[in-house]
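Student: All the letters of the sequence shown, read from the start, carry residue numbers 0 to 466 under numbering that gives the first Met the number 0.
For the record, the hints were derived by calculation from the structure and aren't laboratory data. Any given hint could turn out to be false.
[Claimed, not checked] Under the rule of at most 20 Å between Cα atoms (straight-line distance), these lysine to aspartate or glutamate pairs were calculated in the DMTMM-like manner:
#, residue 1, residue 2
1, K13, E316
2, K315, E12
3, K320, E12
4, K267, E130
5, K133, E195
6, K87, E130
7, K320, E130
8, K320, D119
9, K443, E353
10, K20, E316
11, K133, D119
12, K387, E441
13, K315, E10
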Amino acid sequence: MVDPRQVHDLEHEKIGKLMWKYFLPAFASMMANVLYNIVDRIYIGQGVDALALSGLSVVFPLMIVITAFGMLVGMGSAVRVSLSLGEKDYNRANRILGNALFLSVVIGLVLMAAGFLVRDRVLVIFGAGPETLKYASDYFNIILLGVPFAMTGYALNNIIRAEGNPRIAMYSVFVSAGLNIILDPIFIFGFDMGVEGAALATIISQIVLFIWVLIHFRSSNSVIRLVLANVRPDPYIIRYIISIGFAPFAMNIASSIVIGVMNTSFIKHGGDIAVAAMGIVHSTTMMMVMTIISINMAIQPIIGFNFGAGLFCRVKEAVMKAIRYAILVATAGWLICMLIPGTVVSIFNSDSMELRNAGVIGLRIYCSVLPVVGFQIIASNYFQAIGKAKLATFLSLLRQIIVLLPLIVILPQYWGVNGVWIANPVSDMVAAVVSFLFFRREVKKLKCDVPVTGRSASGIQAPGETY
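All chains, full assembly: derive it from the sequences and hints.
Tutor: Right under this line is the structure:
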């Protein structure tokens, strides 16, 4: 039985204080998560060679596919839980948790099996050359074994945050990421396992996260409880989880496709070194973008709960504060990339001058309009937080598929490898402008303290209705 007092702050605490309460754990957990991915690359780049780093860069888009399915379930169920708690429908929140667990395990097993069937063919499609295929294949072989655990751990950890326990969600990632960082040098250098050691360290940490979140939802610390009867699939709840989770899912699938096409284009115009440079640029920008996403994660339960409760003034205040903070973070990241790109690139590999030069050029071009990305991320994800699945999906696909993908094909014909880099800031700017137009229209509709009437804000039947 849910204790309503545990979600009291979402409705009554000052927005600024509440955002800070949610941001710190979200930021800490995201940075820990990003850090252990970056640590993999640093260890491999410094301890093996640049080709091994290129091999990991090829696997990166396939890892995004796995993350996309995790977000399909994790973000979709988290938003629905927030809205349900705002509507005081605690029974539905429990049922969403059970169905999220079911979906995560089933999808994880299917992805693992499919990955082994198409592994090498897909790696070649995503840019693995003759010299990098072995590294990519060795790494991905082991990563696939951990997919069901990674899926479930990621999905349920999002629900921990949505139920009003951001600190516990942070501790979950700390445990997993910290273990990975400790095991990396042991397996890579101590056991001389190279890229396979990095992969083994990763899946061990994912298994630990899986166990951790299951224990939480069976403990007295959880707001909603994991009950075996709720793990039974309910087609209506599954549909509503997928409907809102489809936006981040589509965005990540699109990102995977785009990175694969970019890697192929980089191979064509710049060789394996250009692919390795892309890996460095992605790792660097990931640090900045994840900070902004942490802000977005902080406001998701605040917006979802208060939108479900009909407290629209709080919704508007939260999203506008988030936009201001995100723009500040993006501007700080832009300054770093413009002023000291060489220092940043050298962290990943200090031996290859060719890789350093390619990374510096790529970083400066790729991040040239970074300040607008801060607004675009928050604005587009606002629609996901309030349950507007179709618009959220469109804005997610706009940058990656509608604008960026054609530019990656067209621009290199005129500017070679620089054309691949240039395609990114152009698409960022277009997506920001379009997101602004939709966002301004929607925010104007928010009327303070007007209660939700009729169908529930969550998009699922209102309390008292039958499924």
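Student: Take the hints in turn and mark each one as holding or not.
Tutor: Hint check:
1. K13 - E316: holds, 10 Å
2. K315 - E12: Between K315 and E12 the Cα gap is close to 15 Å, so the pair holds against 20 Å.
3. K320 - E12: holds, 15 Å
4. K267 - E130: holds, 15 Å
5. K133 - E195: holds, 11 Å
6. K87 - E130: violated, 57 Å
7. K320 - E130: violated, 48 Å
8. K320 - D119: Measuring from Cα to Cα gives roughly 46 Å; hence the hint is violated.
9. K443 - E353: Not satisfied, since the Cα-Cα distance of roughly 51 Å exceeds 20 Å.
10. K20 - E316: Roughly 16 Å separates the two Cα atoms, so the pair holds.
11. K133 - D119: Since the Cα atoms of K133 and D119 sit roughly 9 Å apart, the hinted pair holds (cutoff 20 Å).
12. K387 - E441: Measuring from Cα to Cα gives roughly 11 Å; hence the hint holds.
13. K315 - E10: The given pair, whose Cα atoms are some 14 Å apart, holds under the 20 Å limit.
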